[in-house]
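Undergrad: Residues per chain, in single letters:
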Amino acid sequence: MSMMSRQQTLFSPRRKLRLEPFSIVNTAFLLLLISIIVIPILKVLVDSFDGMASETVFSLFPRRLTLDGYRHVITRSTIIRPFFVSIGMTLAGLLVSMTVTSLYAYALAQPKLPGKKIFIAMAMITMVFQPGLVPLFIVVRNLGIMNTLLPVILIKAIDAYYMFLMMNFFKTIPASITEAAKIDGCTPWQVFWRIILPLSKPGLAAISLFYMVLFWNQWFEYVIYLPKATDLHNFQVFMRSILIESETQGYDGFVVASQALKNAIVVISIIPVMIVYPFVQKHFVKGINLGAIKG
Amino acid sequence: MANAIISSRRLLSTGSPGVLNGKTGKFRRLAKDILEHRLFYFFLLPGAALLITFHFVPMLELRLAFFEYGLGGIGDFVGFEHFRTAFQGLGFPRAFRNTLLLSSINIVVQMTLTIIISLLLNEVVNARFKKLVQTIIYLPHFLSWIVVASLFILMLSRGGIVNAIIKSLGYDPVYFMASQTWWRPIYLLALAWREVGWGTVIFLAALSGIDPEMYESAKLDGANRLQQMLFITLPHLFPTISIVLIMNLAKVFNLFESVMVMYNPMVYEVADVLQTYVFRIGIQQHRFAYATAVGLFRSVIAFVLVIAANRLTRKMREVY
Chain R
0 MSMMSRQQTL FSPRRKLRLE PFSIVNTAFL LLLISIIVIP ILKVLVDSFD GMASETVFSL
60 FPRRLTLDGY RHVITRSTII RPFFVSIGMT LAGLLVSMTV TSLYAYALAQ PKLPGKKIFI
120 AMAMITMVFQ PGLVPLFIVV RNLGIMNTLL PVILIKAIDA YYMFLMMNFF KTIPASITEA
180 AKIDGCTPWQ VFWRIILPLS KPGLAAISLF YMVLFWNQWF EYVIYLPKAT DLHNFQVFMR
240 SILIESETQG YDGFVVASQA LKNAIVVISI IPVMIVYPFV QKHFVKGINL GAIKG
Chain D
0 MANAIISSRR LLSTGSPGVL NGKTGKFRRL AKDILEHRLF YFFLLPGAAL LITFHFVPML
60 ELRLAFFEYG LGGIGDFVGF EHFRTAFQGL GFPRAFRNTL LLSSINIVVQ MTLTIIISLL
120 LNEVVNARFK KLVQTIIYLP HFLSWIVVAS LFILMLSRGG IVNAIIKSLG YDPVYFMASQ
180 TWWRPIYLLA LAWREVGWGT VIFLAALSGI DPEMYESAKL DGANRLQQML FITLPHLFPT
240 ISIVLIMNLA KVFNLFESVM VMYNPMVYEV ADVLQTYVFR IGIQQHRFAY ATAVGLFRSV
300 IAFVLVIAAN RLTRKMREVY
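The listed protein sequences derive, respectively, from chains R and D.
Reminder that position 24 of the first sequence reads as 23 in numbering that gives the first Met the number 0, one-by-one numbering, no gaps.
Reminder that position 226 of the second sequence reads as 225 in numbering that gives the first Met the number 0, one-by-one numbering, no gaps.
There could be a bad hint or two in this list.
If you only want the chain D side, here are some residues facing chain R, beta carbon under 7 Å, derived [as the list claims (entries may be wrong)]: (1) L119; (2) I145; (3) P234; (4) S298.
SDA-like mimics (lysine to any residue), calculated; alpha carbons at most 25 Å apart, straight line [to be verified]: (5) R/K111 to D/R28; (6) R/K200 to D/Y137; (7) D/K130 to R/K111.
Take a look, some chain D residues computed to stay more than 12 Å from chain R by CB distance [to be verified]: (8) L59; (9) E67; (10) D75; (11) L100.
No lab work stands behind these hints: they were computed from the structure.
Every residue, glycine too, gets a C-beta built ideally from N, C-alpha and C.
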């Protein structure tokens with residue numbers, strides 16, 4: 000709460016709005032900055048509707064409007080399948096990681112948990128020392144879960160950084176609230192489910208976004224751990240083979256993609272992130288700041 | 000209730016004269032604490048199991064770095080043989096050089112841009128415009144490296160808009176992604192495009208902590224906005240700048256995915272970094288032992304850097 004009031008005073012203009020030269024230059028610079036970010040994305044969007052084969056001109060509108068790109072995405076099973084893999088794996092990953100991470104974080108937020116230090120240290124070590132690609136690969140192979148979707152989710156299911164952020168959210172909830180709930184006869188599980196989780200919504204929303212983006216954007220794990228199960232590869236891996244490998248490595252993709260299709264694929268891969276982003280964006284800066292300050 | 004029992008027991012145990020009694024009291028209290036928290040150990044279970052399986056068990060596999068590895072599994076102990084091979088070969092020193100070079104240029108470029116943008120953004124009076132800029136510049140951080148690489152490749156490919164401009168000016172098209180001259184600048188540009196906006200989050204948080212009265216009194220003393228920025232805002236950012244710098248230095252050896260999606264055999268000479276090298280040698284060519292050794296070398300340096308960075312930032316915090 001005190002955080003909020005501070006933000007409010009921050010946003011209230013501390014200087015009078017005047018058209019100084021400085022403000023004009025500043026605004027111009029920031030507009031330039033925005034366009035550097037927006038233009039490549041906008042260009043892809045425009046080109047995804049553009050029926051002309053070449054990319055040679057930059058125009059704000061498609062020269063010949065076509066929906067072929069999107070039609071191909073929907074009608075070709077080779078394209079739509081990876082898309083559904085991505086959706087399913089993002090939801091599954093989100094569910095698993097949020098469950099595992101929040102439980103771990105909530106346990107560590109208990110002030111008097113015996114052996115807490117061991118569990119904190121375990122998470123901390125993962126942040127400072129990574130055993131590396133090959134040892135992890137050998138372990139996954141020895142577990143016999145190669146060419147399944149398990150390693151893709153399980154390896155990323157608990158991120159120490161997000162876990163500590165979440166632990167800090169939980170710690171900011173006053174002990175008096177949980178004590179009161181206990182006196183009213185809540186079991187520890189009910190306290191967690193009915194009181195702690197609803198109270199930590201902004202933090203949980205922020206971390207859900209991070210996990211969601213992490214699982215949606217994942218591709219490398221598919222390439223390494225599912226080399227023979229290409230039918231389980233997600234949209235990012237598919238996009239890589241169509242857009243990157245064909246361009247940089249002379250890769251002969253299984254779909255000869257038109258420019259419109261290529262651009263449509265990129266647009267579709269961005270859409271889910273764009274949909275969720277505004278809802279959670281308002282939470283995350285506050286959430287991150289809070290976590291950073293308390294941590 | 001439970002607290003009352005514990006405290007009464009504590010009273011009893013401290014009241015008892017025998018050392019042994021005190022000890023058993025302590026154990027009893029611990030046992031009771033553990034019993035009371037038993038549910039929370041179940042909470043920890045899934046997370047701990049995953050951390051152990053995918054982090055601590057792989058650490059055991061690091062022993063491979065000192066052994067032969069063949070079809071039959073682990074073979075003879077070879078000591079530091081793989082490390083010697085690495086240093087005497089061509090691939091490893093090249094990857095090491097590229098890692099250092101790309102990371103250090105990247106840190107300088109990104110830090111400078113991030114600080115400038117944060118300072119300018121902080122001067123924006125209109126809250127709605129500020130919010131808009133923030134919303135837009137944070138966005139690329141949430142796009143995958145595949146998308147970022149695709150955006151750049153679409154623009155820079157043979158049929159892309161950049162080459163169209165070059166051709167219209169009467170020059171020959173450039174194959175940017177396969178050019179040893181162009182690859183590094185483009186790579187660094189892509190890195191900056193994705194991360195600079197996001198980097199401002201931490202600086203803007205630090206800036207929001209500056210007391211507005213400082214500006215008021217500076218204004219009374221006749222300081223203009225540029226002077227306020229240089230003599231109030233910037234000095235207040237120094238602790239944050241040094242901490243972010245140290246944190247970035249600690250991450251020098253982490254370049255990986257971004258390179259993976261943008262490089263190709265034509266530019267290995269300027270683009271191959273340690274992680275991509277380990278990936279090719281280890282996962283693609285199945286030279287597990289050698290790749291583990293190179294990976295271990297990388298992990299140890301990264302570890303030392305992170306620990307040193309932590310020490311330094313802690314010292315910094317004491318100073319400021």
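Undergrad: Does each hint fit the structure? Answer for all of them.
TA: Verification of the supplied hints:
no.: 1; hint: L119; result: holds, 5 Å
no.: 2; hint: I145; result: holds, 5 Å
no.: 3; hint: P234; result: violated, 18 Å
no.: 4; hint: S298; result: holds, 5 Å
no.: 5; hint: R/K111 to D/R28; result: holds, 12 Å
no.: 6; hint: R/K200 to D/Y137; result: holds, 21 Å
no.: 7; hint: D/K130 to R/K111; result: violated, 41 Å
no.: 8; hint: L59; result: violated, 8 Å
no.: 9; hint: E67; result: holds, 15 Å
no.: 10; hint: D75; result: holds, 18 Å
no.: 11; hint: L100; result: holds, 21 Å
Comparing the model with each numbered hint stated earlier shows that hints 3, 7, 8 do not hold.
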